[in-house]
Amino acid sequence: MSLWSRISNAVRGERLNREIAEELQSHIEEAIASGRDPDEARRAFGSILRQREASHTIRVAGWLESLLADVSFGWRQLCRNKITSAAAVLSLAIGIGSCVAAFRLIDALLWRPLPISGSSKLYVLSRQMTGLYGKPIEDGYWATPNFKLMRDAVKDQADLIAISDAERMDITWSGDRAGNDDIEKAHVVYVSGNMFPLFGLEPALGRLLIPADDRGPGAGPYAVLSWDYWNHRFGRDPNVLGHSLHIGDQTLEIIGVAPSDFTGTEKGTVTDIFLPLSMNSMATEDRADWHRIFLMLKTGVNPATALEPMRQHLSAVNRAFGSACSTCYRGDTKADIERFLNQKLVFHPAGAGISELQKDYRRLLGVLGLMVALVLLIACVNVANMMTAQAAARAQEMALRISIGAGRRRLVQLILSQSALLALLASVLGAIFAAWSAPFVLSLINPRDNPARLDLPADWRVLLFGFGLILLVVLLLGLLPALRASAVRPVAALKGGEDPHSPRRLMRGAIALQVAFCFLVLFLSSLFVASFQRLENRPLGFSTDRLLLLEAVAGQRQLPVVWNQTAEALRAAPGVNSVAISGWPLLGRIRINSDVSIIGAPPSPTPAWFLNVSPGWLSTMKIPLVSGRDFRPEDTSPGAAIVNETFAETFFPGQDPIGHTFERGANQPINKILAVIPDVPYDDLREPNRAVFYVPFDEIDGKSTPKAVDFATFTIHTDAQDPLALAGSLRQLIAQRHNGLRVSNITTQLDLVRDQTIRERLLAMLAGFFAVVALFLAGIGLYAVLNYSVLQRRREIGIRMAIGSTRTSIVHLVTLDVLPIVALGGCAGGALGFGAARYVASLFYQVKATDTDMIALPTGAILLTALIATLPAVLRALRTDPTEILRNG
Amino acid sequence: MAAIADTSGEVLRAEEGSLYPALYRMEEAGWIRAEWIKKDTGRRARIYELTAAGKKQLGAEESRWQSVSLAINRVLREA
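Respectively, the protein sequence lines represent chains A and B.
In terms of our numbering, the first sequence opens at residue 54 and continues consecutively.
In terms of our numbering, the second sequence opens at residue -12 and continues consecutively.
FRET-style restraints, in silico, Cβ to Cβ:
{"no.": "1", "chain 1": "A", "residue 1": "W128", "chain 2": "B", "residue 2": "V(-2)", "range": "53 to 61 Å"}
{"no.": "2", "chain 1": "B", "residue 1": "A1", "chain 2": "A", "residue 2": "W128", "range": "41 to 49 Å"}
{"no.": "3", "chain 1": "A", "residue 1": "G88", "chain 2": "B", "residue 2": "I24", "range": "18 to 26 Å"}
{"no.": "4", "chain 1": "B", "residue 1": "I24", "chain 2": "A", "residue 2": "V481", "range": "40 to 48 Å"}
{"no.": "5", "chain 1": "A", "residue 1": "P166", "chain 2": "B", "residue 2": "W23", "range": "56 to 64 Å"}
{"no.": "6", "chain 1": "B", "residue 1": "K43", "chain 2": "A", "residue 2": "P168", "range": "50 to 58 Å"}
{"no.": "7", "chain 1": "B", "residue 1": "V(-2)", "chain 2": "A", "residue 2": "L117", "range": "35 to 43 Å"}
{"no.": "8", "chain 1": "A", "residue 1": "S58", "chain 2": "B", "residue 2": "A1", "range": "22 to 30 Å"}
{"no.": "9", "chain 1": "B", "residue 1": "K43", "chain 2": "A", "residue 2": "N355", "range": "53 to 61 Å"}
{"no.": "10", "chain 1": "A", "residue 1": "V481", "chain 2": "B", "residue 2": "A1", "range": "46 to 54 Å"}
To be clear, the hints were calculated from the coordinates, so they are not data collected in a lab.
Just so it is clear, CB atoms sit at the ideal spot from N, CA and C, and this is done for glycine as well.
Excised from the complex, chain A in its bound form:
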């Protein structure tokens, strides 16, 4: 009862006082009623006031009472300056909210451990090697036979787990459940049979995959659904067990549902279906590096001592596997083979999962975190300045409090409670902002039809971060003004102020800091915005106008003639202007390289990339011919080829390549070059131009028999402005032909181009937003400080005017006060900016930190803001009426 009653008494302090008074009073009245002399009774009782005070302090938690008093006093202070307080709360809310939102994203993608047992003992295996063009690369994908050898090699100390990245596959559901044979997309992941047991996962329904399901090819035709997929696709129907799904020509039976929090190891993607590793046809191929390898240390194995020997052991196994591959290095020189075999294996901790999204967005999120932290700091400096000004105005009050006996601790508490109030109000708004903005930013990552998905729970991690942040903000805001206020020397302050310049010195330091942060934010965001604009405006070399792309698959491969007939049917449909076929679309994130050898020579050290296209594809894409002619229906591959200019320069420097031939590797059939076309981006807008050759869609094998094709893309130029308007009817048209072709994906060339710039667009948008906020806050801060300084120096300015100072010199007086500060801050910000730009240079596209306009832009923006912020203060100074000042003081 005791602490609680003292706390509750503190809240009802007045009532408690009355109660005590009543009890004491009743004691005296009792004494009088029992016949004692009233005066004697009162004398014997002692001082009522003193006893009441003594009783009060016993029954009340004194610290709480004074805190409550301070908080309510702080609240009244805030209410007195409603507009400044609201501005302070709002700017802090944006700062806090952005920081929390950024933390949620960063934590969810990069730091949060996977919901599995032993996540701290989980590592992922990758290899560092020399890639194409001699560039060092790190590769994290492995062949299954290699995985099995390595798994057996270290089985005493660790378990190796194979997990493929999620692939968006075409699946169909059979039976009464789905009702129709419609094709749909699902994220499919192949896992080795030991994954679920090693991760300590329990099924939500049925059973999970076990090592026996992964014995060998086709041994375990079973599928486990993720809880999320079970939920949104089947509404958590327990009868889903036993139903089967089809992928290609495979039929798999559903045996269970994974636990609800496990969405796979690939952060940013939610897996829909888990299949045994051995159900993938690539699992038997020595040359197919297609899945990741995770390593889970056994209990009691010390990573510090065990990892390095294990790494060396695995390196030896890997090298032996690589050397034994007889089919891998046909035609390669000894040096090339040695270069390939020279791999350095590395372990990375993988407790937080591993994904391409992490790799792509690590830097971006780092920049984002930096910017939101800077914006929060700018906001804090602003509010601290405001509070310093208020504290300076209250110097006399503070002095009075100290003279009548307030402890310094109490004064610090008084001011800190005011800043805590501000921070708490701001954090409520900030929490709302963060709750909205983190999912919003997440939804902008990745193409619309395949959005990034992350769990963004508001759990103790986020709460802890939020509380830490609030504490930091309270200290940043309040500590300086509080210490200043408590250091007031009462005698000097009560006499009429001590050094009038000292709060201004402090505030000017703060301004320099603010300008530096602001410059840094502006500098980085102008680099990002420029990168995005340059990428977006990169000349494509082909048209994206009215181009519909139907990506089609043939479960059983179909001959080119079937594909060509389908294209012919599409051509006849109303609203269709022209139709062509390509293996896959440009900028569709697919790239396949091929060796190139000229007249029987060994393959060149640099490969070229290729694409199969039908006659008319060039004109449909509006790609002009530099020279030569387009494919004709009778052209086949191998036999004919069209090359781009980079290909011509690389392999036929200084010659006209038309009529020359090349082979796709040693001892391969020859291709005759029919035409040269300009370079167009192949798979990635950011990459420099690659050497690309185009071959006819109709392929034949060695005996001139046509080769069947399992997937290709119909490129359709429509009459209507919106190509997607035709998508439904054309899809129907293909389905109605019942020739084995099915549309698996519908998109437009424009969307593919747009999808290329998602990360840059996101970064430019966020950076632009924070740049505006930072500039605005810095402007407000500058304005407030100048205004305050003019108010403080009102008398000085008045006297100067009275003794004949010109308007120009008054303007100088006011502005020279801040210009050096702004310049200093700008320079510091620039220095910081160059440092930061080095770290994020990989996010730039064709911009450099040293570009003149990249420096000029933030400088100009800051100068302009400074000018606008200075204007009101200058005008106020000029409007000073000397006579009034001299008369009233």
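Based on the hints, put chain B in the right spot on chain A.
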């Protein structure tokens, strides 16, 4: 207070009012509990009674006092 003064032969005297801080302290410690009652005179009064913890505490304090005063007496007699 009057009772204390009488019993001690006017040796122990205290202000009557100082009783209350002591009472409150004991109440906070949980040794006594209090409640407001209405007296037949119509006035409200607060009456106190010992709690179980209070009785235990009283016993402990009493025996401690006994042993201390005994010790002091012995020391004084020795001297």
